[in-house]
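Line order of the protein sequences matches chains A and B. Going by my numbering, the letters in the first sequence line up with residues 1 to 316, in that order. Going by my numbering, the letters in the second sequence line up with residues 317 to 632, in that order.
Simulated from the structure, these hints should not be mistaken for laboratory data. A virtual CB, placed ideally from N, CA and C, is assigned to each residue, including glycine. Heads up, some of the hints might be wrong.
What the hints assert, rightly or not - Simulated restraints on C-beta separations:
| id | chain 1 | residue 1 | chain 2 | residue 2 | range |
| --- | --- | --- | --- | --- | --- |
| 1 | B | Arg518 | A | Asp282 | 51 to 61 angstroms |
| 2 | A | Asp282 | B | Pro345 | 41 to 51 angstroms |
| 3 | B | Val492 | A | Ala264 | 54 to 64 angstroms |
| 4 | A | Pro206 | B | Ala544 | 19 to 29 angstroms |
| 5 | A | Gly69 | B | Pro345 | 58 to 68 angstroms |
| 6 | B | Asp598 | A | Ala313 | 30 to 40 angstroms |
| 7 | A | Asn86 | B | Cys523 | 41 to 51 angstroms |
| 8 | B | Gly596 | A | Gly276 | 27 to 37 angstroms |
| 9 | A | Ala32 | B | Asp598 | 49 to 59 angstroms |
| 10 | A | Lys21 | B | Gly538 | 54 to 64 angstroms |
| 11 | A | Asp30 | B | Ala629 | 50 to 60 angstroms |
Protein chains: 2
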Amino acid sequence: MNTNRRGATGLVVGIDIGGTKVQGVLLGPDDAVLGSVLLPTTRGVEGVVATAAKAVRALTDEAQSGRGGALIDVGIGVPGVVDPANGTVAHAVNLGFPAELTPLAQLLSEELDGARVKMENDLNVAALGAAHVVGGPVDLAFLGLGTGLAAGLLLDGRLRRGAFGAAGEIGHIQFVADGPMCACGQRGCLELYASGASLEARWPGPCDVPASAALFAAASAGDPAAIALRDEFARAVAAAVRILVLTTDVARVVLGGGVSELGAPLRDAVVRALEGPAAGSDFLASMRIGQRVHLAPRGVPLAAIGAALVGRAVER
Amino acid sequence: MNTNRRGATGLVVGIDIGGTKVQGVLLGPDDAVLGSVLLPTTRGVEGVVATAAKAVRALTDEAQSGRGGALIDVGIGVPGVVDPANGTVAHAVNLGFPAELTPLAQLLSEELDGARVKMENDLNVAALGAAHVVGGPVDLAFLGLGTGLAAGLLLDGRLRRGAFGAAGEIGHIQFVADGPMCACGQRGCLELYASGASLEARWPGPCDVPASAALFAAASAGDPAAIALRDEFARAVAAAVRILVLTTDVARVVLGGGVSELGAPLRDAVVRALEGPAAGSDFLASMRIGQRVHLAPRGVPLAAIGAALVGRAVER
Chain A
1 MNTNRRGATG
11 LVVGIDIGGT
21 KVQGVLLGPD
31 DAVLGSVLLP
41 TTRGVEGVVA
51 TAAKAVRALT
61 DEAQSGRGGA
71 LIDVGIGVPG
81 VVDPANGTVA
91 HAVNLGFPAE
101 LTPLAQLLSE
111 ELDGARVKME
121 NDLNVAALGA
131 AHVVGGPVDL
141 AFLGLGTGLA
151 AGLLLDGRLR
161 RGAFGAAGEI
171 GHIQFVADGP
181 MCACGQRGCL
191 ELYASGASLE
201 ARWPGPCDVP
211 ASAALFAAAS
221 AGDPAAIALR
231 DEFARAVAAA
241 VRILVLTTDV
251 ARVVLGGGVS
261 ELGAPLRDAV
271 VRALEGPAAG
281 SDFLASMRIG
291 QRVHLAPRGV
301 PLAAIGAALV
311 GRAVER
Chain B
317 MNTNRRGATG
327 LVVGIDIGGT
337 KVQGVLLGPD
347 DAVLGSVLLP
357 TTRGVEGVVA
367 TAAKAVRALT
377 DEAQSGRGGA
387 LIDVGIGVPG
397 VVDPANGTVA
407 HAVNLGFPAE
417 LTPLAQLLSE
427 ELDGARVKME
437 NDLNVAALGA
447 AHVVGGPVDL
457 AFLGLGTGLA
467 AGLLLDGRLR
477 RGAFGAAGEI
487 GHIQFVADGP
497 MCACGQRGCL
507 ELYASGASLE
517 ARWPGPCDVP
527 ASAALFAAAS
537 AGDPAAIALR
547 DEFARAVAAA
557 VRILVLTTDV
567 ARVVLGGGVS
577 ELGAPLRDAV
587 VRALEGPAAG
597 SDFLASMRIG
607 QRVHLAPRGV
617 PLAAIGAALV
627 GRAVER
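Between the sequences and the hints, there should be enough to build the whole structure, so can you do that?
See the structure below:
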């Protein structure tokens with residue numbers, strides 16, 4: 001442990017650990033991105049610790065040696081139920097973790113010679129990163145349209161984690177009564193209609209093109225089946241946005257995750273789906289939900305940047 | 317204006333202004349309820365100001381004259397979109413207010429010789445009152461089952477008002493696709509299935525018994541139609557609870573409003589409706605949603621108490 005050398009560099013590393021990729025960034029004292037790295041995830045606790053440590057070293061070896069080996073603080077974002085105070089994670093099924101609590105922050109700290117490691121849920125770091133990068137009001141929901149569907153909530157500038165660390169799990173609100181079975185054991189969950197995985201299942205295309213891109217291209221080309229599925233998908237995403245806004249009245253909903261790489265056509269489809277019902281409802285129209293919908297900026301590692309901000313935070 | 321005499325008594329009045337009744341309480345320095353009053357609401361801005369002033373005077377005349385006329389601070393709860401900083405309310409349709417902003421706090425203050433008047437949304441004061449009276453974690457949603465369906469959110473001990481002052485408007489989340497028309501202009505809103513007014517419409521009974529009581533009694537007596545409607549109602553309330561918990565992960569959901577006077581049979585029906593889907597879902601079961609459901613204590617004027625706490629607050 002090198003307590004006296006901690007944080008002295010003004011540098012901080014953020015690592016976003018996903019089921020397939022680990023994205024890391026190095027931020028300077030002014031929060032500028034000084035470096036980034038992308039590695040494939042090795043699943044399981046040992047694999048994740050090794051991959052994360054490799055990403056940290058790739059970003060910091062040069063900076064550390066130029067600063068007399070000073071340790072650089074690290075923040076990580078993890079898909080699961082995170083206890084930031086204890087640095088533990090549960091339910092990280094996408095990483096191949098066991099069901100019980102994993103003290104991931106401590107394990108990574110040990111692997112990194114005692115560097116300070118803070119941990120936060122992956123959607124929460126994405127929300128922090130979005131607030132930082134997008135600017136504007138720090139009241140937003142990051143709606144992750146990836147394998148699953150869930151949100152990170154930054155309300156009045158504070159992360160809303162919830163009593164069980166499960167705030168934002170809107171993917172498992174029922175959307176269609178008696179709909180198909182969800183992996184969670186319920187029927188008709190919103191996630192079955194408004195996630196990237198749902199499109200992969202319902203519009204399988206060439207391996208090298210995401211289903212969302214293939215679907216939207218086919219719809220643009222006039223394929224009636226593609227138009228119908230695109231519009232159903234947009235209605236489901238719109239329902240998720242409406243649930244977030246009517247429940248929390250959040251100022252801004254940022255569409256992120258893999259599907260958001262579609263860009264403007266995604267936002268346009270979702271806003272159209274929001275405006276249909278609002279046209280008949282003064283109440284809904286007064287909520288201006290469509291105007292609250294924004295796209296995550298393309299190519300910016302929001303979650304890794306948010307993780308770095310978590311790593312930088314003084315209160316521990 | 318008598319600035320130097322303000323707040324000196326340690327007393328505070330809370331007034332909950334509803335569409336049919338105005339409930340007032342006088343709290344002592346230790347927040348004990350020293351007095352209460354219940355008046356019928358006179359609708360319209362003038363009528364509401366007069367009724368609220370009458371309630372305040374009924375509670376404070378004796379205390380004021382015993383304290384040399386010192387002004388007593390007032391907090392009010394109002395059904396509408398409230399701006400607490402400016403003391404204005406909009407969309408207070410149930411009070412017969414005009415569409416534009418009404419400076420209700422100022423109007424009442426003028427009627428009360430310059431007494432300090434703070435204002436908050438009616439569900440927010442109910443949430444504050446519930447947290448105060450129920451005790452326990454100050455992380456809760458107050459789910460108002462009255463004429464409409466909406467919630468007040470106290471997250472991590474802070475009121476969540478939202479960007480438009482509309483947080484908790486879950487009654488207008490769609491519950492049944494292509495369901496009946498809601499007054500808000502959408503179809504199939506949750507409020508059409510999970511409010512007191514929805515039961516009045518669907519189970520009209522004798523004038524002197526609330527529809528909810530008549531329905532639950534008939535269901536207990538074995539009437540199949542009553543059982544079906546009761547269970548549908550409970551499923552809709554359960555859906556509202558699930559939306560609140562999966563979105564905000566709030567520690568506690570307090571069932572309040574007129575329908576909650578049913579007491580334990582209401583809670584039992586809602587918990588049963590929550591446990592059905594949870595039985596098949598490890599995820600839902602792990603959220604322990606049924607255990608988070610509590611009843612507002614019967615006969616306690618939660619909203620008026622919460623309004624008094626708003627009136628007491630130092631920051632203005």
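**Prompt:** Regarding aspartate 598 of chain B and alanine 313 of chain A, is the given constraint of 30 to 40 angstroms on their beta-carbon distance met?
**Reply:** Because 33 angstroms falls inside the window, the suggested range holds.
**Prompt:** Is the gap between the beta carbons of asparagine 86 of chain A and cysteine 523 of chain B within 41 to 51 angstroms?
**Reply:** violated, 58 angstroms
**Message:** Does the beta carbon distance between lysine 21 of chain A and glycine 538 of chain B stay inside 54 to 64 angstroms, or does it fall outside?
**Reply:** holds, 59 angstroms
**Message:** For the hint 51 to 61 angstroms, verify it against the beta carbon of arginine 518 of chain B and that of aspartate 282 of chain A.
**Reply:** 25 angstroms Cβ-Cβ, so the 51 to 61 angstroms window is violated.
**Prompt:** Does the Cβ-Cβ separation between proline 206 of chain A and alanine 544 of chain B fall within 19 to 29 angstroms?
**Reply:** violated, 50 angstroms
**Prompt:** Can the suggested window of 50 to 60 angstroms be confirmed for the beta-carbon pair aspartate 30 of chain A and alanine 629 of chain B?
**Reply:** violated, 38 angstroms
**Prompt:** Is it true that the C-beta distance of glycine 69 of chain A to proline 345 of chain B lies inside 58 to 68 angstroms, as the hint says?
**Reply:** holds, 59 angstroms
**Asked** For the pair aspartate 282 of chain A and proline 345 of chain B, does the Cβ-Cβ distance stay inside 41 to 51 angstroms?
**Response** holds, 45 angstroms
**Message:** A range of 49 to 59 angstroms was offered for this pair. Does it hold for the Cβ distance of alanine 32 of chain A and aspartate 598 of chain B?
**Reply:** violated, 43 angstroms
**Message:** Holds or violated: the 27 to 37 angstroms window for the beta-carbon distance between glycine 596 of chain B and glycine 276 of chain A?
**Reply:** At 33 angstroms between Cβs, range holds.
**Request:** Could you see if the CB distance from valine 492 of chain B to alanine 264 of chain A stays within 54 to 64 angstroms?
**Result:** Since the Cβ atoms of valine 492 of chain B and alanine 264 of chain A sit about 33 angstroms apart, the hinted range of 54 to 64 angstroms is violated.
Hints 1, 3, 4, 7, 9 and 11 from the earlier list are contradicted by this structure; the remaining hints agree with it.
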